[in-house]
Amino acid sequence: DAMVIQNPRYQVTQFGKPVTLSCSQTLNHNVMYWYQQKSSQAPKLLFHYYDKDFNNEADTPDNFQSRRPNTSFCFLDIRSPGLGDAAMYLCATSRTRSDGSYNEQFFGPGTRLTVL
Amino acid sequence: LAKTTQPISMDSYEGQEVNITCSHNNIATNDYITWYQQFPSQGPRFIIQGYKTKVTNEVASLFIPADRKSSTLSLPRVSLSDTAVYYCLVGDPPDFNKFYFGSGTKLNVKP
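Chains as they are written, first to last, in this note's numbering: chain A, 1 to 116; chain B, 1 to 111.
Quick caveat, the hints were computed from the structure, so don't treat them as lab data.
On a predicted model such as this, the values are computed, not experimentally measured, just so you know.
There's no promise every hint is true.
What the hints assert, rightly or not - Taking lysine to any residue and the SDA-like style, the derived pairs with C-alpha atoms no more than 20 angstroms apart in a straight line are:
hint: 1; chain 1: A; residue 1: K38; chain 2: B; residue 2: K106
hint: 2; chain 1: B; residue 1: K69; chain 2: B; residue 2: I8
hint: 3; chain 1: A; residue 1: K17; chain 2: A; residue 2: A42
hint: 4; chain 1: B; residue 1: K110; chain 2: B; residue 2: N25
hint: 5; chain 1: B; residue 1: K54; chain 2: B; residue 2: L80
hint: 6; chain 1: B; residue 1: K52; chain 2: A; residue 2: D99
hint: 7; chain 1: B; residue 1: K52; chain 2: B; residue 2: P40
hint: 8; chain 1: A; residue 1: K44; chain 2: B; residue 2: T5
hint: 9; chain 1: B; residue 1: K110; chain 2: B; residue 2: F46
hint: 10; chain 1: B; residue 1: K54; chain 2: B; residue 2: P76
hint: 11; chain 1: A; residue 1: K44; chain 2: B; residue 2: P7
hint: 12; chain 1: A; residue 1: K38; chain 2: B; residue 2: S103
hint: 13; chain 1: A; residue 1: K17; chain 2: A; residue 2: T114
hint: 14; chain 1: A; residue 1: K44; chain 2: B; residue 2: F101
hint: 15; chain 1: B; residue 1: K106; chain 2: B; residue 2: F46
hint: 16; chain 1: A; residue 1: K44; chain 2: B; residue 2: S41
hint: 17; chain 1: B; residue 1: K3; chain 2: A; residue 2: Q41
hint: 18; chain 1: A; residue 1: K38; chain 2: B; residue 2: T29
hint: 19; chain 1: B; residue 1: K3; chain 2: A; residue 2: N103
hint: 20; chain 1: A; residue 1: K38; chain 2: B; residue 2: P40
hint: 21; chain 1: A; residue 1: K52; chain 2: A; residue 2: K17
hint: 22; chain 1: B; residue 1: K106; chain 2: A; residue 2: Q37
hint: 23; chain 1: A; residue 1: K38; chain 2: B; residue 2: F39
hint: 24; chain 1: B; residue 1: K54; chain 2: B; residue 2: V18
hint: 25; chain 1: B; residue 1: K106; chain 2: A; residue 2: A42
hint: 26; chain 1: A; residue 1: K44; chain 2: B; residue 2: Q42
hint: 27; chain 1: A; residue 1: K44; chain 2: B; residue 2: P76
hint: 28; chain 1: B; residue 1: K69; chain 2: B; residue 2: Y100
hint: 29; chain 1: A; residue 1: K38; chain 2: A; residue 2: P61
hint: 30; chain 1: A; residue 1: K44; chain 2: B; residue 2: R45
Stated by the list, open to error - Estimated spans, in silico, between C-beta atoms of each pair:
hint: 31; chain 1: B; residue 1: S103; chain 2: A; residue 2: Q14; range: 31 to 37 angstroms
hint: 32; chain 1: B; residue 1: T83; chain 2: A; residue 2: S98; range: 34 to 40 angstroms
hint: 33; chain 1: A; residue 1: N63; chain 2: B; residue 2: V59; range: 44 to 50 angstroms
hint: 34; chain 1: B; residue 1: S79; chain 2: A; residue 2: S40; range: 21 to 27 angstroms
hint: 35; chain 1: B; residue 1: R45; chain 2: A; residue 2: N7; range: 18 to 24 angstroms
hint: 36; chain 1: B; residue 1: G15; chain 2: A; residue 2: P18; range: 37 to 43 angstroms
hint: 37; chain 1: B; residue 1: T72; chain 2: A; residue 2: G16; range: 34 to 40 angstroms
hint: 38; chain 1: B; residue 1: T21; chain 2: A; residue 2: S40; range: 18 to 24 angstroms
hint: 39; chain 1: A; residue 1: G84; chain 2: B; residue 2: N57; range: 35 to 41 angstroms
hint: 40; chain 1: A; residue 1: D77; chain 2: B; residue 2: G15; range: 35 to 41 angstroms
Virtual Cβ for every residue (Gly too), placed ideally from N, Cα, C.
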């Protein structure tokens, strides 16, 4: 089945130690998103790729970076994780329609990041 | 920035129909309305999407009035497994690939 895969499902890192989360998709969707979701809060958009074009949200800290080497893969790099970065990180994909509007997003299961 | 407003929580009983309304007063002409369901520790799951009038699929119906400033998700005959958070999303013109989740509605289905 076509899907969005996130690895690992659980990640533990130390304060200040760089960490990379990965996302892959078999849907061949042109748009990929990263969201941060803290406990009892709604997902918060960090950035998205429209094809190869990177779109950062204005309030996304510089500590968060992303790479999309090809259509299928997208990575979230946290350069110096702080205690406040502990959260669920969600990857999602969607496909743009020919009129520029979008189809629904497909979400991965998420990676839960713990910062010690 | 198109924002959505939903009730924070709702209670229901098994077998009842549940209607969750979302306000999106600044929705753009080209924008669609999409609803997602999220269980704890899982990614959101698409429920239904619509542009105007009524859309129905195997799990829900979506009612959108002519002015499109609100929408109502209707879940027929809910069960305990429908206990989840429900989000409505609209895009953020001019970039319709961007979405911002509102606070969502926590639906609690009781036996």
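Status of the hints after comparison with the structure:
1. K38/A with K106/B: holds, 16 angstroms
2. K69/B with I8/B: This hinted pair holds, its Cα atoms lying about 19 angstroms apart.
3. K17/A with A42/A: The given pair, whose Cα atoms are some 26 angstroms apart, is violated under the 20 angstroms limit.
4. K110/B with N25/B: violated, 32 angstroms
5. K54/B with L80/B: Between K54/B and L80/B the Cα gap is close to 26 angstroms, so the pair fails against 20 angstroms, i.e. violated.
6. K52/B with D99/A: holds, 17 angstroms
7. K52/B with P40/B: Since the Cα atoms of K52/B and P40/B sit roughly 30 angstroms apart, the hinted pair is violated (cutoff 20 angstroms).
8. K44/A with T5/B: Holds, at roughly 16 angstroms.
9. K110/B with F46/B: violated, 23 angstroms
10. K54/B with P76/B: Holds - the C-alpha atoms of P76/B and K54/B are around 15 angstroms apart, at most 20 angstroms.
11. K44/A with P7/B: holds, 19 angstroms
12. K38/A with S103/B: holds, 12 angstroms
13. K17/A with T114/A: Within the cut-off at roughly 12 angstroms; holds.
14. K44/A with F101/B: This hinted pair holds, its Cα atoms lying about 7 angstroms apart.
15. K106/B with F46/B: Answer holds: K106/B to F46/B is near 16 angstroms, not above 20 angstroms.
16. K44/A with S41/B: holds, 15 angstroms
17. K3/B with Q41/A: holds, 16 angstroms
18. K38/A with T29/B: violated, 32 angstroms
19. K3/B with N103/A: At roughly 19 angstroms apart (the allowed maximum being 20 angstroms), N103/A and K3/B satisfy the hint.
20. K38/A with P40/B: holds, 11 angstroms
21. K52/A with K17/A: violated, 28 angstroms
22. K106/B with Q37/A: holds, 16 angstroms
23. K38/A with F39/B: Holds, because 14 angstroms separates the two Cα atoms, which is no more than 20 angstroms.
24. K54/B with V18/B: OK: K54/B and V18/B at ~16 angstroms, within 20 angstroms.
25. K106/B with A42/A: holds, 11 angstroms
26. K44/A with Q42/B: holds, 15 angstroms
27. K44/A with P76/B: Not satisfied, since the Cα-Cα distance of roughly 29 angstroms exceeds 20 angstroms.
28. K69/B with Y100/B: With Cα atoms ~16 angstroms apart, K69/B and Y100/B stay inside 20 angstroms; holds.
29. K38/A with P61/A: holds, 15 angstroms
30. K44/A with R45/B: Holds, at roughly 16 angstroms.
31. S103/B with Q14/A: 31 to 37 angstroms: Distance hint for S103/B, Q14/A holds at roughly 32 angstroms.
32. T83/B with S98/A: 34 to 40 angstroms: This hint holds: roughly 38 angstroms between Cβ atoms.
33. N63/A with V59/B: 44 to 50 angstroms: violated, 39 angstroms
34. S79/B with S40/A: 21 to 27 angstroms: Hint holds: Cβ distance 24 angstroms, inside 21 to 27 angstroms.
35. R45/B with N7/A: 18 to 24 angstroms: This hint holds: roughly 20 angstroms between Cβ atoms.
36. G15/B with P18/A: 37 to 43 angstroms: violated, 51 angstroms
37. T72/B with G16/A: 34 to 40 angstroms: violated, 47 angstroms
38. T21/B with S40/A: 18 to 24 angstroms: For S40/A against T21/B, whose Cβ atoms are near 22 angstroms apart, the range 18 to 24 angstroms holds.
39. G84/A with N57/B: 35 to 41 angstroms: 39 angstroms Cβ-Cβ, so the 35 to 41 angstroms window holds.
40. D77/A with G15/B: 35 to 41 angstroms: Check failed, 48 angstroms falls outside 35 to 41 angstroms.
Hints 3, 4, 5, 7, 9, 18, 21, 27, 33, 36, 37, 40, counting from the list given before, are not met by this structure.
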